[in-house]
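Listed below are the residues making up each chain.
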Amino acid sequence: MDLLEYQGKQLFARHGVPVPSGKHAKTIEEAVAAAEEIGYPCVVKAQVHIGGRGKAGGIKVAEDRDEAEQHASAILGMQITGPHGEGPFEVHELWIEEASKIDAEYYASIILDRSAKKLLVMLSTMGGMNVEEIADKDPDALVRRHVEPAEGFGPEQAAQIAADAGVDEDARAETAEMLVKLYTAFNELDATLIEVNPLVVTSDRRVVALDSKTTIDNSALYRHEDVAGFEELSAMDPQERMAKEKGLTYVKLDGDIGILANGAGLCMSTLDVVAQAGGDPANFLDAGGGSKADAIVAALEVITSDEKVKAILFNIFGGITRCDEIAKGIIEAAGRIDLGVPLIVRLDGTNSEEGLGLLADATLPDLHIEKTMLGAAAKVVEVASQR
Amino acid sequence: MSIIVGDDAKLVISGLTGREGTFHGLRNRDYGTDVVAGVTPKKGGQDVEGIPVFDTIAEAAAEKGANTSMIFVPARFAAAAINEAIDAGVATVIAITEGIPVHDMIGTYWKARERGVRLIGPNCPGVLSPGKANVGIIPAQFFDPGPIGVVSKSGTLTYQIGNELKQAGQGNSSIVGIGGDPIVGSDFIDVLDLYEADDETEMIVMVGEIGGDAEERAAEHIAASISKPVVAYIAGFTAPPGKQMGHAGAIISGSSGTAEAKKEALEAKGVRVGKSPTETAQIAVEVLGS
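Protein chains in written order, with this note's numbering: chain A, 26 to 412; chain B, 92 to 381.
Some hints could be false.
[Unchecked claim] 16 angstroms max Cα-Cα, derived EDC-like pairs, lysine to aspartate or glutamate:
1) A:K142 / B:E205
2) B:K202 / A:E176
3) A:K143 / B:E205
4) B:K134 / B:D146
5) A:K51 / A:E115
6) A:K143 / B:D304
7) B:K334 / A:D262
8) A:K85 / A:E123
9) A:K142 / B:D281
10) A:K142 / B:D304
[As the list claims (entries may be wrong)] Calculated Cβ distances over 10 angstroms to all of chain A for the following chain B residues:
11) M92
12) T108
13) T113
14) K134
15) E150
16) N174
17) A182
18) R209
19) G222
20) E287
21) E291
22) H312
23) P320
24) A359
25) V378
Calculated directly from the structure, the hints in this document are not laboratory data.
Values in this document were obtained by computation on a predicted structure and should not be read as measured data.
Just so you know, even glycine gets a beta-carbon here, dropped at the ideal spot from N, CA and C.
Between the sequences and the hints, there should be enough to build the whole structure, so can you do that?
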């Protein structure tokens, strides 16, 4: 789960990491009230789940009440696209923060390094730009240190990193202390990423986390009720919100062909073969082993609530789940909801003959049956293009 | 031969008394796997259709000579169960459980490595060696004995490819699901090495997906150390960055972990990559025949 900047900073503060004081706002009025309370100059910051906000105009300094109002009204509702094409995300929330007088900008992060199976701590005095840029510009300017599981990460390791990165001598102790606190927070929060960019040295030589990009392991949310409470269903895409409420694994995409498959790998593969057939998938939805009519109805309801969807491909390879059970689920689901769009079903695997027979006998309107995955992909693209 | 599980596997199942554990445990026994014990704390002395249940894996290992452990316990207790299996001295631990916190797995991963225990998974469908043993949830009917070793991050996608190989008259030495989590006990390279050393395996089909760089590292490893032909498939070309596609590990972070990068890395080392599961199976059959 990706946290917004202000959510990450609130958690930082609870773990003793110094952050500027600020207030959360969801309307222009709230933003102005927050600015008045904090005083000027203050910074109006768009709260979205991606980097590159500053370049997109999502971070502005306000010198007075009028500017605070102007910036808040400009930024709320703004569409921001991430540096790697993520989004666009609409800005629903702001963080109003006291402006910091900055002497130096650093970069600090802790990540779970999947290949090394260790945590990786990184520090650079070239803050403010993204880590790929730092690595490109001057690889030596980025200090990377794995945490040995048996050894851990304490003041000694942190001081060494701060020295190796060339942190100003008078800020070294505080920077090292910050790294240790971030590391402690990382473990206590079950984080998989904490990035502070920039980590700043203020003109009065304090070390402060000016930004936060934090990701918490979804599998560990059960032991972090405070973090789970951050989930803003209202800020989510309507289909993603609906899927979440129904407990489905769904990802919204841009296209017009609804996709339902069993298993994450097969579902990704289904998106790919539909794209290869010239189609444009509208979503990822892993039905899991869901053969029950309830689960199929729920999935189809989420998919068809996206008005762009012109046709749906239901790609099943029955393993433990039997195709005849799935066919019964589809038939019952078809009786309970009106899809309004054609449904292409590919059933293969355990008891596929029985399943296909049941579907053929049911003679459901606008239901097309295919035996192979590639055949089904071609069919759904053809059917969608005719609508 | 086969890899990881074979005729000599003596299996102890943690979580045998749960609904899923019982269902799959009995399926594994029906297939011919030597299921010697189950483990559920406070249920020692009971049995599941004749399979004796113990309180601890250590007792099961001592009394029944278990050498392989399968973990079927709920996610929040699963890392502790894997640790218990490692401490009990079994040689191989296969963890099916999905949703284990990744911080729990870091310690468990290193514990397994230090003790020399082979850990497969978590969040995997298990290992099937056709005609010998099935440990996990892989539906065995799609796989016949044969010369193709399969290693995969995904379950259903593997069944899809296995079924196409079977229809083409081909079979498998083993099918290994390594799991879709960010940290898994064995990576592609670990399993590739086992297939390289296995007499029965003539070629390898590797099924990857977006996220991490296990496929890229495998490409390097294949070029350096694997003499048998490898054919690959990668899922997730249409996945957008920053979105978790079902599996906890299936996420493109920034510009890293894309399907395109994995395909290019593999092809740069001479590994043929199929566009679809169907084409991958066709290439495998063609490579085997040549």
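Hints, verified against the model:
no. : hint            : result
1   : A:K142 / B:E205 : holds (13 angstroms)
2   : B:K202 / A:E176 : holds (14 angstroms)
3   : A:K143 / B:E205 : holds (14 angstroms)
4   : B:K134 / B:D146 : holds (6 angstroms)
5   : A:K51 / A:E115  : holds (12 angstroms)
6   : A:K143 / B:D304 : holds (14 angstroms)
7   : B:K334 / A:D262 : holds (13 angstroms)
8   : A:K85 / A:E123  : holds (12 angstroms)
9   : A:K142 / B:D281 : holds (14 angstroms)
10  : A:K142 / B:D304 : holds (12 angstroms)
11  : M92             : holds (26 angstroms)
12  : T108            : holds (19 angstroms)
13  : T113            : holds (14 angstroms)
14  : K134            : holds (24 angstroms)
15  : E150            : holds (29 angstroms)
16  : N174            : holds (13 angstroms)
17  : A182            : holds (20 angstroms)
18  : R209            : holds (15 angstroms)
19  : G222            : holds (19 angstroms)
20  : E287            : holds (21 angstroms)
21  : E291            : holds (24 angstroms)
22  : H312            : holds (12 angstroms)
23  : P320            : holds (22 angstroms)
24  : A359            : holds (18 angstroms)
25  : V378            : holds (20 angstroms)
In this structure, every one of the numbered hints holds.
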